[in-house]
Amino acid sequence: MPLNTPQILDTARQVLEVSATIAFALSGVLKAAHKQLDVVGVSVVAFMAAFGGGTLRDLLLDNRPFFWASSDHLVWAVMILCVLAIVFLRQKHFHITERAMLWPDMLGLGLFTAVGVDMATEVGMSPLISVLMGVVTGVFGGVLRDVLCGEIPQAFKDHQPYAVCAMVGGCVDLVLRQWLGASETTAMLACVAATAGLRAMAIWRKWRIPSWQVE
Amino acid sequence: MPLNTPQILDTARQVLEVSATIAFALSGVLKAAHKQLDVVGVSVVAFMAAFGGGTLRDLLLDNRPFFWASSDHLVWAVMILCVLAIVFLRQKHFHITERAMLWPDMLGLGLFTAVGVDMATEVGMSPLISVLMGVVTGVFGGVLRDVLCGEIPQAFKDHQPYAVCAMVGGCVDLVLRQWLGASETTAMLACVAATAGLRAMAIWRKWRIPSWQVE
Amino acid sequence: MPLNTPQILDTARQVLEVSATIAFALSGVLKAAHKQLDVVGVSVVAFMAAFGGGTLRDLLLDNRPFFWASSDHLVWAVMILCVLAIVFLRQKHFHITERAMLWPDMLGLGLFTAVGVDMATEVGMSPLISVLMGVVTGVFGGVLRDVLCGEIPQAFKDHQPYAVCAMVGGCVDLVLRQWLGASETTAMLACVAATAGLRAMAIWRKWRIPSWQVE
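Which chain is which? The protein sequence lines are A, B and C, in order. Last residue of the first sequence: 214 (numbering that gives the first Met the number 0), numbering continuous. Last residue of the second sequence: 214 (numbering that gives the first Met the number 0), numbering continuous. Last residue of the third sequence: 214 (numbering that gives the first Met the number 0), numbering continuous.
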C-alpha cells in the first residue's frame with residue numbers, strides 16, 4: 000500500500016492546514032495584544048494572520064470555495080482560540096515575550112509554505128509561480144497582520160531571513176517532487192522541515208540578509 | 000399576497016444597499032477630509048468605505064458580477080456625492096464634527112450587515128460564516144478607509160462596541176430567519192434595527208468592550 | 000491589411016503591459032529602498048507596485064487566469080530587475096533622486112491606464128466603470144506600494160494631478176474608441192500619450208488639484 004494515496008495526502012494536508020492556522024492565529028493574537036488593540040481588534044488580526052495568506056493564495060489560484068468556507072471547523076477553532084486568548088490575556092500575570100511569538104510563527108511558516116506549494120503545483124502552475132504561492136501562503140498572513148496593526152510588515156524590514164526561508168523550503172519541495180521523484184508527502188514534509196529549520200537556524204545564529212545604505 | 004415575494008425582497012435589498020453605500024461614502028469623505036487628503040484621496044477613500052465591505056463580501060462568497068458592476072448607478076451616486084462633498088468642504092464655514100460622522104456610520108453598519116447576512120445565507124453558507132460575512136460587509140469598508148488613511152482601524156482599538164453590534168445584529172437575523180420562521184424582510188429589518196440600535200445605545204451609554212493591560 | 004487586427008493588438012497590449020510592469024516595479028524598488036526595507040521588502044514592494052494594479056483589475060473584472068499567471072515571463076522579468084536593483088543599490092555611489100522616480104512612474108501610469116480601459120471595454124463594462132478600471136490599473140500598484148511602506152498613498156495627498164491624469168487619459172481613450180470610431184490601437188496610444196503627457200505637464204508646470212482647509 001503506497002503512502003501517497005490521495006486520501007492520506009488529503010488528511011496530511013488537512014492536519015498541516017489546521018496546525019498552521021492555529022499557530023498563525025496565535026501570532027496574530029499576541030501581536031494585536033502588544034499593540035493594545037481591543038477584543039475585536041485582537042480577533043480580527045488573529046483571523047487575518049490565520050486566514051490571510053491562504054485566502055490570498057486561493058484568490059490568486061482561483062480555488063473556490065475558500066479553504067475555510069467549505070467546512071467552518073477552522074473558523075470555529077480560531078474563534079475559540081480568540082476567546083481563550085482573551086480570557087488568559089486579562090490575567091495580569093500572563094507575560095508575552097518576544098520569544099514566545101517566534102515558535103508558532105516558525106512552525107506556521109513552514110506548514111503554510113508546504114500547503115501553498117502543493118496546491119499551486121496541483122493546479123498546474125509553473126515552478127516559479129508555485130514557489131511564490133508557497134511564500135505568499137506563508138508570509139502574507141503576517142504581512143496583513145502587521146499592516147492592520149499600522150506597521151511596516153516585519154518580514155520586509157527586520158533583515159532576518161523569513162520569506163527567504165519559505166522560498167528555499169519551496170524550492171526543496173519542488174526539486175524533490177519534480178526532479179527526484181519523491182512522493183508528495185515526502186516533499187511536503189521536507190519543505191516544512193527545511194523552512195522551519197532554516198528559520199530556527201536564522202534566529203539562533205542571528206543570520207542577516209544583505210542590507211545597504213541609501214544616501 | 001405574501002410580503003416576502005422575491006421581487007419585493009430584491010427591491011428592499013436594493014434600497015438597503017444604496018442607503019448603506021451613500022452613508023459609508025459620506026463617512027469616508029469626512030474621514031479623508033479630516034486627514035487633509037486631496038480631492039483624489041477623498042474620492043478614493045469614499046469609494047473604498049462605500050464599496051470595500053461589499054466587494055470583499057462578494058469576493059469571499061464568489062458572487063459575480065460585483066454588486067456595483069452589474070449596474071453602475073451606485074458608482075454614479077458616490078461620484079456625485081464626492082463632487083458635492085468637495086464643493087461643500089471648500090466653503091470655510093462648513094464644520095465637520097466628530098458627532099456628524101457617527102450617524103451615517105451607524106446606519107450604514109446596520110444596513111450593510113443585514114445585506115451581508117442575507118447574501119451569505121442565500122448561497123448556503125453556514126450560520127457562523129453568514130454572521131461573519133455580515134460583519135465583514137458592515138465593518139471592512141471602514142477598516143479599508145482607515146488603513147488607506149494610515150491609521151490602525153478605529154473598529155479595532157477604540158474599545159467601543161462596533162463589530163460586536165454587527166455580530167449581535169447578524170445573530171438576531173439568523174435566529175429569526177432559521178429558527179423562528181420569520182420572513183427574510185422581517186429578519187433583515189430586525190438586523191438593521193438591532194445593529195444600529197445597539198450601536199446608538201453603545202455611543203449614548205458610553206459602553207466599553209473589555210480591555211486589558213499587557214506588560 | 001488593417002492595423003487593428005487582433006494579433007497586432009494583442010502584441011501591442013503585451014508590449015505595453017511588459018513596459019508598464021517594469022516601470023512600476025522600478026518605482027517600487029526605489030520607494031522601498033528609500034524606506035530602508037531589506038532585500039525581501041524591496042522585492043515584495045516591487046512586485047506589489049508592478050502587479051498590484053493589474054491584479055486588482057483582473058480581480059474586479061473577473062479575468063482569469065491573472066495576466067502574470069498565464070505565462071510567467073513578467074514575473075521572471077521583475078525578479079531579475081529586483082536582483083539587478085539590489086546589486087546596484089549596494090554600491091554606495093548609486094544615488095536615487097526623487098526626480099529619477101518620476102519618469103518610470105509617469106510612463107507606467109499611462110501604459111497601465113490604457114491596458115485597463117481596453118480590458119474593461121472588451122468585457123462589456125460601462126464607460127464609467129471602464130475609465131475607473133483604467134485608473135485602478137494605473138494607480139493601485141502605487142497605492143499598495145505606499146500602504147506596504149507604511150505611508151498614506153502619495154496619490155491621495157500630494158495635491159498633484161496623478162489619478163486625475165489617468166482619468167482624463169481614460170476618457171480620451173473611450174471618446175476616441177466609442178464616438179470617433181478610432182481603432183483600438185489608436186485609442187490606446189492616445190490614452191498613453193494623454194495620461195503621461197498630462198502628468199509630465201503637471202510636474203513641469205507644478206499644477207495643483209484643489210484643496211481646502213478643514214477646521
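Quick caveat, the hints were computed from the structure, so don't treat them as lab data. For clarity, every value in this text was computed on a predicted model and none was experimentally measured. Watch out, some of these pointers could steer you wrong.
Dumping the calculated DSS-like pairs for lysine-lysine here, alpha-carbon to alpha-carbon at most 25 angstroms [stated by the list, open to error]:
| hint | chain 1 | residue 1 | chain 2 | residue 2 |
| --- | --- | --- | --- | --- |
| 1 | C | LYS34 | A | LYS205 |
| 2 | C | LYS34 | B | LYS34 |
| 3 | A | LYS205 | B | LYS205 |
| 4 | C | LYS205 | B | LYS34 |
| 5 | A | LYS34 | C | LYS205 |
| 6 | A | LYS34 | B | LYS205 |
**Q.** Numbers of the earlier hints that this structure fails to satisfy, in rising order
**A.** 3 and 5
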